[in-house]
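Chemist: Chains A and B, in that order, give the protein sequences.
Take the first sequence: its position 31, counting from 1, is numbered 31 in the working numbering, and each next residue is one higher.
Take the second sequence: its position 59, counting from 1, is numbered 59 in the working numbering, and each next residue is one higher.
It cannot be assumed that every hint is accurate.
To be verified - Below 27 Å or equal to it, Euclidean Cα-Cα: the simulated DSSO-like pairs (lysine-lysine) are: (1) K93/A to K74/A; (2) K127/A to K74/A; (3) K27/A to K114/A; (4) K8/A to K127/A; (5) K120/A to K74/A; (6) K8/A to K27/A; (7) K8/A to K74/A; (8) K195/B to K27/A; (9) K93/A to K114/A; (10) K120/A to K93/A; (11) K195/B to K114/A; (12) K86/B to K120/A; (13) K27/A to K120/A; (14) K160/B to K114/A; (15) K120/A to K8/A; (16) K27/A to K160/B; (17) K8/A to K93/A; (18) K8/A to K160/B.
What the hints contain is simulated information worked out from the structure, not anything from laboratory work.
Note that the coordinates shown come from a computational prediction; the quantities given were computed from them, not determined experimentally.
Residue-level listing of the chains:
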Amino acid sequence: MSDPSQLKFLIVDDFSTMRRIVRGLLKEMGCQHLSEAEDGQVALNMLRTSRFDFVVSDINMPVMDGFALLAAIKADETLRHLPVLMVTAEARKDDIVRAAQSGAAGYIVKPFSKAVLEDKVQRILSKMGVTA
Amino acid sequence: MNRHRARRMQEPGPAAPRPLTPVPQLYRQLGQLTRQLQEAMGLLGALPGLHRSALDLPDARSRLAAIERRSFAAADKVLNAVEQAKQERQRIAVAARDLARATPDDAAGMRLRAVLAEIEAAAGRVDAQLTDIMVAQDFHDLTGQMLAQVGALAIELEGKLTQLMQQARLPMPESAPRVEDTAASQREVDELLAKLGL
C-alpha cells in the first residue's frame, strides 16, 4: 500500500475532545478513513471485526487502558502487525520503556503539536512502506 | 519528700500495707494521661470543623463535576466553530484559485491575480491558526484527568470523614450531591424572576 489516504485509522481515547483533535489532525494529513473508540475494549472489538491499518491510542482509559490494548493486539496473531502509536498525558520513563518493550510503534506526550503527530505518523508509515 | 509524708510512709496504718508506686513512674503515668487527655480534647475541638468539611464535600464534588461539564462544553463549541471555519476557509481558497484561473492576462487581470494570490495565502495562514486553536482544546483532556483525580481524592476523604463521624456519633453528611443553588442559564434566571413577579 502506498497511499496513506487509503489506510484505516482507529483513534482510541476516552475523551471525545481528544478524539476530535486527533481526527482533525489526521484528516489534515490526508488520512480519510478514521474511526473512533472510547476505550481499549471497544477498540479491540472493532479491530477484531473490521480491518484497520493504524491505531492511535491513549494510555489512561477506563475499562481497558492503552497498555492492556497494546498487549491484546500483540498477543493476537491476526492483529500483531498493526502499528500502535501511544498518546499520553504523562511522560513517565517507566511507561515509555514499558510501551517500547510491549511493541508500541511510537509514543507521544500531551499536549502535542500537529508537527509532532505528523512526524511520528510519517515515521511509522515509512517503516510500513507507505509514502505520502 | 517532706517529713510528715516520710513518716506516713514509714508508719503502718490500720489496713494492710500496699506497695507504693515510685514517684518518677507516677509522674510518667500522669504525664502520659495528660497527653492522652490533650489529644482527646484536641480531637473533640477539631470534630465540628471536620464535620463541616464532610458536609461540604458533596457540594465540592458537585462543583468539580460542573467545571468538567462546562470545560467540555466550551471545548466542544470551539471545535465545532473551528471545523466550520476551516470549511469556509477552504471554500474561499478554492474560489480565489478558480477566479485567478479565469482572469484575463491583461494588466487589470494581473493585478487581480496578485490580490487573489494574497487571499489564498492568507487563507492558508488562517488555516494554520485554526489548527493551533483546535489542538489547544486538548486542555480539556488534561484538566479533565486532573479533575477526575481530585474528585477521587474527595470521595476517599469523604469516606474517611464519614467513618470518623460515625465513631464520634455526629450527624452523617449527605450522601448525594446537593442541588445546585445557582441558575445555569439566563433562561433559568428569567424563569425564577418571573416566579418572583419581576
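Chemist: Each hint should be assessed against the structure and marked as holding or not.
Modeler: To see whether the hints hold, each was checked on the structure:
With a C-alpha separation of about 21 Å, the suggested pair K93/A and K74/A falls inside the 27 Å cut-off, and the hint holds. Only pairs whose Cα atoms come within 27 Å are accepted, and K127/A paired with K74/A is accepted, the gap being roughly 18 Å. The straight-line distance between the Cα atoms of K27/A and K114/A is roughly 11 Å, inside the 27 Å bound, and the hint therefore holds. Restraint check for K8/A and K127/A: satisfied, since their Cα atoms lie roughly 16 Å apart, inside the 27 Å limit.
Simply put, K120/A and K74/A have alpha-carbon atoms about 20 Å apart, close enough for the 27 Å limit, and the pair holds. With a C-alpha separation of about 12 Å, the suggested pairing of K8/A with K27/A holds against the 27 Å cut-off. Of the pairs offered as hints, the one joining K8/A and K74/A holds, with about 18 Å between alpha carbons and a cut-off of 27 Å not exceeded. Proposed proximity of K195/B and K27/A is contradicted: the alpha carbons are some 50 Å apart, above 27 Å.
Distance hint between K93/A and K114/A is fulfilled; the C-alpha atoms sit about 23 Å from each other, no more than 27 Å. Pair hint K120/A plus K93/A holds up; C-alpha atoms about 18 Å apart against a cutoff of 27 Å. Proposed proximity of K195/B and K114/A is contradicted: the alpha carbons are some 51 Å apart, above 27 Å. Distance check on the hinted pair: K86/B and K120/A sit about 24 Å apart at the alpha-carbon level, within 27 Å; holds.
In summary, the hint linking K27/A to K120/A is supported, as the alpha carbons are separated by about 15 Å, within the 27 Å threshold. A threshold of 27 Å between alpha carbons decides the hint, and for K160/B with K114/A the separation of about 44 Å lies outside it, so the pair is violated. At most 27 Å may separate the alpha-carbon atoms for a hinted pair to count; K120/A and K8/A meet this at roughly 17 Å. Restraint check: the Cα-Cα separation between K27/A and K160/B comes to about 48 Å, which exceeds 27 Å; the hinted pair is violated.
A threshold of 27 Å between alpha carbons decides the hint, and for K8/A with K93/A the separation of about 30 Å lies outside it, so the pair is violated. For the hint pairing K8/A with K160/B, the CA-to-CA distance comes to about 49 Å; that exceeds 27 Å, so the pair is violated.
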